[in-house]
Amino acid sequence: MTKACVFIAILFAAILVGCGERASPDSVSPHAGSPGEKALRLTFSTAETGFDPVKVSDYYSGLVISAIFEPLLTYDYLARPARLVPNIATALPQISDDGKTYTLTIRRGVYFTPDAAFKGLPDSRRELTSADYVYSIKRFLDPKNRSPYAFLFEGKIVGLDRLAANAKKSGHFDYDAAVAGFETPDRYTLRIRLTDTDFNFSHVLAFNLVGAVAREAIVAYGDDTNAHPVGTGAYQLKRYVRSSKIVLEKNAGFRELRWSADAGSDTADQAIAARMTGKKIPQIERVEISVMDEAQSRWLAFQRRETDIEYQLEELAPKFMTMDGKLKPEYTSQGIRMERSVDAEIIYLFFNTQEKIGNAPNPIGGFSKEKIALRRAIAMAYNIDDQINVIRKGQAVRTHYPIPPGIAGHEPAYRNSIAYDPQLANALLDKFGYTRGADGYRTLPNGNLLILKYYSTPTERDRQFDELMKRSLDAIGIRVEIHKDRFAELIKLANQCRLMMKSAAWIADYPDGDNFMQLLYGPNAGQTNSACYKSPEYDKRYEQSRRLPDGPQRNHLYREMARQMEADTAWLLTDSRYRNVLLHPYVAGYKKSAVNVSEWMYMGIDRQGPH
Amino acid sequence: MSAYIIRRILQFVPTLLGVVLLVFILFNWIGGDPAYLLAGKMSNPEQIANIRKQLGVDQPYYVQLWIFIMQIVTGDFGVSWATNEKVSAIFATRLIPSLTVLVPMLIVGTAMAMVLALLVAYQRGALTDRAVMITCTVGQSISILVYIIVFQYIFAFQLGWFPVQGWGQDFMTNLLKFSVLPIVVGVAVSLAPDTRLYRTFFLDEINQDYVRTARAKGMSEARVMGVHVLRNAAIPIVTNVMIQLPALLAGAFLIERFFSIPGIGREVLLAVERSDFPVIKAVTVYVAMATLVFNLLADILYKAVDPRVQLK
Numbered sequence: 011m012t013k014a015c016v017f018i019a020i021l022f023a024a025i026l027v028g029c030g031e032r033a034s035p036d037s038v039s040p041h042a043g044s045p046g047e048k049a050l051r052l053t054f055s056t057a058e059t060g061f062d063p064v065k066v067s068d069y070y071s072g073l074v075i076s077a078i079f080e081p082l083l084t085y086d087y088l089a090r091p092a093r094l095v096p097n098i099a100t101a102l103p104q105i106s107d108d109g110k111t112y113t114l115t116i117r118r119g120v121y122f123t124p125d126a127a128f129k130g131l132p133d134s135r136r137e138l139t140s141a142d143y144v145y146s147i148k149r150f151l152d153p154k155n156r157s158p159y160a161f162l163f164e165g166k167i168v169g170l171d172r173l174a175a176n177a178k179k180s181g182h183f184d185y186d187a188a189v190a191g192f193e194t195p196d197r198y199t200l201r202i203r204l205t206d207t208d209f210n211f212s213h214v215l216a217f218n219l220v221g222a223v224a225r226e227a228i229v230a231y232g233d234d235t236n237a238h239p240v241g242t243g244a245y246q247l248k249r250y251v252r253s254s255k256i257v258l259e260k261n262a263g264f265r266e267l268r269w270s271a272d273a274g275s276d277t278a279d280q281a282i283a284a285r286m287t288g289k290k291i292p293q294i295e296r297v298e299i300s301v302m303d304e305a306q307s308r309w310l311a312f313q314r315r316e317t318d319i320e321y322q323l324e325e326l327a328p329k330f331m332t333m334d335g336k337l338k339p340e341y342t343s344q345g346i347r348m349e350r351s352v353d354a355e356i357i358y359l360f361f362n363t364q365e366k367i368g369n370a371p372n373p374i375g376g377f378s379k380e381k382i383a384l385r386r387a388i389a390m391a392y393n394i395d396d397q398i399n400v401i402r403k404g405q406a407v408r409t410h411y412p413i414p415p416g417i418a419g420h421e422p423a424y425r426n427s428i429a430y431d432p433q434l435a436n437a438l439l440d441k442f443g444y445t446r447g448a449d450g451y452r453t454l455p456n457g458n459l460l461i462l463k464y465y466s467t468p469t470e471r472d473r474q475f476d477e478l479m480k481r482s483l484d485a486i487g488i489r490v491e492i493h494k495d496r497f498a499e500l501i502k503l504a505n506q507c508r509l510m511m512k513s514a515a516w517i518a519d520y521p522d523g524d525n526f527m528q529l530l531y532g533p534n535a536g537q538t539n540s541a542c543y544k545s546p547e548y549d550k551r552y553e554q555s556r557r558l559p560d561g562p563q564r565n566h567l568y569r570e571m572a573r574q575m576e577a578d579t580a581w582l583l584t585d586s587r588y589r590n591v592l593l594h595p596y597v598a599g600y601k602k603s604a605v606n607v608s609e610w611m612y613m614g615i616d617r618q619g620p621h
Numbered sequence: 209m210s211a212y213i214i215r216r217i218l219q220f221v222p223t224l225l226g227v228v229l230l231v232f233i234l235f236n237w238i239g240g241d242p243a244y245l246l247a248g249k250m251s252n253p254e255q256i257a258n259i260r261k262q263l264g265v266d267q268p269y270y271v272q273l274w275i276f277i278m279q280i281v282t283g284d285f286g287v288s289w290a291t292n293e294k295v296s297a298i299f300a301t302r303l304i305p306s307l308t309v310l311v312p313m314l315i316v317g318t319a320m321a322m323v324l325a326l327l328v329a330y331q332r333g334a335l336t337d338r339a340v341m342i343t344c345t346v347g348q349s350i351s352i353l354v355y356i357i358v359f360q361y362i363f364a365f366q367l368g369w370f371p372v373q374g375w376g377q378d379f380m381t382n383l384l385k386f387s388v389l390p391i392v393v394g395v396a397v398s399l400a401p402d403t404r405l406y407r408t409f410f411l412d413e414i415n416q417d418y419v420r421t422a423r424a425k426g427m428s429e430a431r432v433m434g435v436h437v438l439r440n441a442a443i444p445i446v447t448n449v450m451i452q453l454p455a456l457l458a459g460a461f462l463i464e465r466f467f468s469i470p471g472i473g474r475e476v477l478l479a480v481e482r483s484d485f486p487v488i489k490a491v492t493v494y495v496a497m498a499t500l501v502f503n504l505l506a507d508i509l510y511k512a513v514d515p516r517v518q519l520k
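Top line first, the protein sequences correspond to chains A and B.
For the first sequence, the residue numbers in the working numbering are 11 to 621.
For the second sequence, the residue numbers in the working numbering are 209 to 520.
With beta-carbon atoms standing in for the labels, derived distance ranges:
id, chain 1, residue 1, chain 2, residue 2, range
1, A, D186, B, I451, 56 to 62 Å
2, B, T343, A, K329, 30 to 36 Å
3, A, D186, B, N252, 26 to 32 Å
4, B, L335, A, T56, 49 to 55 Å
5, A, Q554, B, N252, 22 to 28 Å
6, B, S351, A, R557, 56 to 62 Å
Lysine-lysine pairs mimicking BS3-like chemistry, simulated, CA-CA at most 25 Å apart:
id, chain 1, residue 1, chain 2, residue 2
7, A, K178, B, K249
8, B, K249, A, K494
9, B, K261, A, K179
10, A, K366, A, K379
11, A, K178, B, K261
12, A, K154, A, K178
13, A, K463, B, K249
14, B, K385, A, K248
15, B, K249, A, K502
16, B, K249, A, K602
17, A, K544, B, K249
18, B, K249, A, K550
Hints in this document: simulated from the structure, not taken from any laboratory.
Even for Gly, the Cβ is constructed at its ideal location relative to N, Cα and C.
Hey, can you work out the whole structure from these sequences and the hints?
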C-alpha cells in the first residue's frame, strides 16, 4: 500500500510539475549529440522497405538510396524549378537531333565502396564503368525484381523489352545478352538509343533510383540486396536494424566534390550558398536515422535535441506554428528554424468519364453537355477551402494547375476556371434538367434516380473527406453513397475504371511536367489515368508535348491540355500539402528538394558554432 | 501425466487447423490483393500478373492453403512480400527487443500486483482498501495511450530521466537505458486490473476455514498470508499469468511504436499495413501455438502448486 501511495504521489507531483513548466531550451537531453560530433540525427515516420534501387518505391527508402547510389545526372541543389546538372556524367547528355540517342561520358576514378563482394580486387573495391549503368537499368525490367519503377524504361529503350519478354518466358533474365539500345564503346562512354523521340529522358537518368549498382554485389547478396547496398555515393550503410535504425557513414573514398549551387535571387538560398560554397562534400560524417512512427515521440525527441532535423510533423503543426504559417516565438527564440515548402504533388478529385462502369450506366460519365454540366456542378459545389482549413488545418494550398510548383512546366499565374460556387452549380443543374424531387434531391434528366458513389478508405482522415463530400453535394441536392474499401482494392478498382469518384494524389517522380500530364492521357486509362479520361484533343496535344523539350512551346500545349481537362471536368484540382521541416540552429545548408536528391551530403552541422 | 500431455498435444492439431483456416479465409476475403500495393504507382495488368505469379497468389486457393500448411510443418514461412527479409530473420531479430521489455514488465507487474493485492485484501473494507480500489478503477479506465503520452512527456521530456525513445546495440544498454520507461508504463497499465483481480483471489482464500485454523494455531499473520493464502491463491494467478505469456510473442505494439522499440509488435502492425501475408501468417500461427503450449504448461503448473489437482 505504502509503495503504491508513494508511486501515485510521485506521478501526480510530476504531472503538476510537468504542467507548470516547459523543458527549458537549455535543458538539452543527455541523449543529444555531443559537441564537435558531425553526426546528423533524424527520424523517418514510416519504416523503410530496403535499399535495392529497383525493388522499392517508398519515399524514405529513396532518401537513403540517394545517399548511397549515384545517378548519371542530378539536380542543382538550390535551383527552382529543378535544373538538371551532371553528376557521375561529366556533362549533360548529348542528345541527337531526333531526340532518340543520348550519349554520356562517365567520370573516371569513381569507385564503389569497399565490399566483400569485390574480394580479390585492390582495397576490395572496383571502379565504376558505363557497363554498370547498363546493368543497373536492365535490372528494372527483370521480372524477378518486380520493380515498381519498371515503367521508367518500359517501351523506351531499343531491344530492352524483348529481353524482358524472353525472361518472362524462360524465367531467366540474360544480363549478358546484347541490347541494341545500349552501347558502351569504352569503359567511360554510354550511348542509349530510344524507341521514340524523347527530349526529356534526362530526367529518368537523374531519377534517384537509377543509380549504378555493382553486379558483383547484387550477385553476392542474392535475395538480400535490400540490406546490402553498395554504391559510389557520399555515404555507405554502416548499421542497419530494419524498420528501426539506419546509420550511414561518410564514404571515405568519395570523389573530390566541392559545394556549388545556383542560389538565384532568393535571399535564403544566397545565405545557404554563402555559408557552404567551396566546402568539401559531404560535411556531415554520419547520418543516424531512427524510425519513429508516432508524431508525439518525434516532436519530443526533436525538442530534447535527440534529433537535429524533423521532416514530418503535419499532425502537430498547430503546436509549433501560428495560424499564418510561421514558427511560434518560443521556438524561434531557441534558434529553431522552419523551412516551409509546398510538396511537389497535386491532390485531385477524379470523375470517371466512361459512360458505363462495368455494365451499369455511369451517371457522371460521358461527354454530352448534361454530363459535363453535372461533373462541373459537383466540382463547383465541393468546398476546397474547408478541405484545406478544416481537414488539413491550413497545411495545404489550393492547386490551380496540374503541374505543381518546382516542376518544369508549372504555370504560377494560371488560375483554374472551376471556382467554388454552389449557387451557380444549382443553376447549372436546373438548366440541364436535373430537377429536384419532393425530398430535395435531384433526378437525372430522364427522371431516373441520381445517386453518386464516392470511394474512400476506412480511416479517420478519409471519414472527414466523406463528410465534406456529403455536405457539398447535399448543398446542390445530389445524393451520394460513400463506399469504403481497402487501399489495395481501390487501386484495383481504379485500374479497372470502376471507381465513379475518388480523391487521389500524385507526387512527382521526377521534376518534369510530363510526369503529371500523363495522368490524363487516354492510353494510360487502367494505369495512372483513374478518371479513364479519353479526349482526342488532350491526347493529340500530349503526344506532341512528348516530342518537345521543356520550353514555351511545350508549356503552351500543357496550358491547352489543362483547359481541355477543365472544360470536360475530368478532375477537380484541390490542393497540395505543405511540408514543414524543423531544424536546430546548428544544422546548415538545408533546402527542401523537389525530388529525392541526396540532401544530407549538401548539409553541414556545427554544434559548437554560434547559434 | 504423460498420457495427459500426449493427449493435449494431439488436440493441438485440430485447433491449429482451425486457426490456419480462419487466417487464410480472413486474409483472402478482407486482406485485399497485395499485388496492387507492391506494383507501385504505374502498373499495367501484365505487371500485376507477374507479381501475383511471384507471390504465388495466382494459384488456386487449395494450393495456397496447402503451401501454408507445409510452411507451418517446415517452420519456413518464406520472405516478407514487402522487404524480402526472411520471416525467420524477422522473428529472430524482433523478438529479443520485445522480450527485453515485456518479460521484466510481466515479472515486475505481477510481483507488484500480488504484493499490493495481498495488502489490501488483508485490510478489506478499511479506508486503505477502498482508496486503492478507487484508484485502481480510475487507473483501469484510462487508456494505455494516455499513460504512454503522459509518462513520455513527464519522465523523458520534462524531467529528462530517460531518452524519449530509442534502442541500442547491446542488451544491457537496452534493458537499463531504453527499456526502463516502457517497462514503467507497462507496469502502471497492468497494475490496476491485476491488483483488483488478485485481491478477489486472495479474498476467496482469506475466508476459508484453513485460514481460521492457522490463526487459531497461533501462526503469525505474515505466515498465514504469505504462505497459506498466497499458495492457495496461486492457481488462478498462474492461470492469469499464463494467459498473458503468448501475448509476449505478439509484442506490445503501442509501447513499441511510441518508444521506437524494434520489436515484433511494430512488425505485426507494419505487416498489416503492407498486406504482408507471410509475416501475418507466421505471427498468427506462432501466437496460437504459444497459447496452446502455455495453457498446457499452466495445467502442469497447477499440479506443482497444488498436489490435490489431478490431471486426467
